[in-house]
Amino acid sequence: MASKQKNMTPQQQKYQQLQQKHELKRPVLKNCIKAFWVGGLICVVGQAISYFYIYFFHFTEQNVGNPTVATMVFLSMLLTGFGVYDRLGQFAGAGSAVPVTGFGNAVISAAIEHRTEGFVLGVGGNMFKLAGSVILFGVFSAFVVALIKTLLGMWGVL
Amino acid sequence: MVYIIRLMVIASMILMSSCNQVQTERDSQMALMKTTNPNPIVTEKNNGQDKVEDIEKKVSGFNEIYDVAVVKGKEATLVVYKVKHMQRFNMKKIEKDLNKTLEENYPKENFTVSSDYKIFLEAVRLIEKKKDGSYSDKQADKRLNEILKMTSDMK
Numbered sequence: 001m002a003s004k005q006k007n008m009t010p011q012q013q014k015y016q017q018l019q020q021k022h023e024l025k026r027p028v029l030k031n032c033i034k035a036f037w038v039g040g041l042i043c044v045v046g047q048a049i050s051y052f053y054i055y056f057f058h059f060t061e062q063n064v065g066n067p068t069v070a071t072m073v074f075l076s077m078l079l080t081g082f083g084v085y086d087r088l089g090q091f092a093g094a095g096s097a098v099p100v101t102g103f104g105n106a107v108i109s110a111a112i113e114h115r116t117e118g119f120v121l122g123v124g125g126n127m128f129k130l131a132g133s134v135i136l137f138g139v140f141s142a143f144v145v146a147l148i149k150t151l152l153g154m155w156g157v158l
Numbered sequence: 001m002v003y004i005i006r007l008m009v010i011a012s013m014i015l016m017s018s019c020n021q022v023q024t025e026r027d028s029q030m031a032l033m034k035t036t037n038p039n040p041i042v043t044e045k046n047n048g049q050d051k052v053e054d055i056e057k058k059v060s061g062f063n064e065i066y067d068v069a070v071v072k073g074k075e076a077t078l079v080v081y082k083v084k085h086m087q088r089f090n091m092k093k094i095e096k097d098l099n100k101t102l103e104e105n106y107p108k109e110n111f112t113v114s115s116d117y118k119i120f121l122e123a124v125r126l127i128e129k130k131k132d133g134s135y136s137d138k139q140a141d142k143r144l145n146e147i148l149k150m151t152s153d154m155k
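One line per chain: the protein sequences are A and B, in this order. Take the numbering used here: the last position of the first sequence gets the number 158, and nothing is skipped along the way. Take the numbering used here: the last position of the second sequence gets the number 155, and nothing is skipped along the way.
Chain B with its partners taken away, still in its complex shape:
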């Protein structure tokens, strides 16, 4: 038992020391554990920023959803969200309702909707990189397409 306690203490010390490094914390570092609600982005400048903000508001309006990330590309719009813990039994219904709402409100848009944590994380990372200028419009669109491909592989 002593060994186990020692092992646990060492493991927790390693974990704590790794969390305590001096560096600016990014949203994506804790994106899976806390609410980030990143600002929605469009990969092309001046191409529907108002629209994505409106989409984000509509999706956030769902009671079952608590964290939303929206990225609009040239051809498709990615909507990723986190579902409240006790509502995770109704994932399919929530996705269906969300798809319906989005299609009714924005019939011309091509939406890809996902509640997968990995997709959410990648969307937050993309938004951060686009904001701090690491990604150009073209690179952001390319990355968005890769994320969209990831979602289509899951189906």
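This is chain A alone, in the form it adopts within the complex:
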């Protein structure tokens, strides 16, 4: 950074200082609070859905996560299609991206974005552009954790 500044002309340095002076400060705390509340609300909805499945269907606490996640992803996909989730994303930032609903949003928004390039090369080829890495790392980390658990189980630690 210091060497970069050294290479700058006095005019550039002056401009840099001016830019730093007028640069808007990011409202980090405000963003965190927004993300916390919206993310929490999404989780409350998820909890309500899982209770719904426990009450009205034959799902136990152990396996109720599967239909709940599927429902949440489906709902976020619908909301993305209607343009609601984008607004929510603009407002809440990570609060709407970190829960599993963010996954549905990533898939559908990429599909909508590349729709003009055709169904195969556009939608099919780009749908998992962002979500693909999520799936890859998710599956891989699950494999590693399962491997560690199996080994610990074999050695009698767990």
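By construction, these hints were calculated from the structure, which means they are not laboratory data. Some clues are possibly wrong.
[Claimed, not checked] Okay, the calculated beta carbon distance ranges per label pair:
{"#": "1", "chain 1": "A", "residue 1": "Val98", "chain 2": "B", "residue 2": "Lys129", "range": "39 to 45 angstroms"}
{"#": "2", "chain 1": "B", "residue 1": "Lys34", "chain 2": "A", "residue 2": "Pro27", "range": "35 to 41 angstroms"}
{"#": "3", "chain 1": "A", "residue 1": "His58", "chain 2": "B", "residue 2": "Lys131", "range": "21 to 27 angstroms"}
{"#": "4", "chain 1": "B", "residue 1": "His85", "chain 2": "A", "residue 2": "Ser133", "range": "31 to 37 angstroms"}
{"#": "5", "chain 1": "A", "residue 1": "Leu158", "chain 2": "B", "residue 2": "Lys34", "range": "31 to 37 angstroms"}
Predicted model, so just to flag it, every value in this text is computed and none were measured. No residue lacks a Cβ here, since even glycine has one placed at the ideal position from N, Cα and C.
Starting from the known structure of chain A, fit chain B onto it as the hints suggest.
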């Protein structure tokens, strides 16, 4: 943003109106959210009611546990409980301790212990149906066996 607020208001109105229907509230309707502590039952009349009450007292004595339902059938006894939120990290230890206590105190009984919400809900529903007479002894025992099968499927 306006759409989201409208959506949330409509959803909460629907939720509130659905909760406000005139009907007698049963314990099982809120069993997952509040403490119910239903009275323990035996599926067969005059077959160890004192014993199940004693079991319930012993299980309730655990500090980590706050809600207990006990159903005694012909062959097995179902003990379902809810664990205090901050103690949920020690679920396995609590289950182990509970099993040990029950086996020490009632060596002849065949216990099935679970902390699953679904099992708890089904146990409360069974107790309610048995109490209001919707289930005969035979039906209650059959339902208990179905619940026990559900717990064994989870393992």
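Comparing the hints with the structure gives:
1. A:Val98 <-> B:Lys129: 39 to 45 angstroms: holds (42 angstroms)
2. B:Lys34 <-> A:Pro27: 35 to 41 angstroms: This hint holds: roughly 39 angstroms between Cβ atoms.
3. A:His58 <-> B:Lys131: 21 to 27 angstroms: holds (23 angstroms)
4. B:His85 <-> A:Ser133: 31 to 37 angstroms: holds (34 angstroms)
5. A:Leu158 <-> B:Lys34: 31 to 37 angstroms: holds (34 angstroms)
No hint from the list above goes unmet by this structure.
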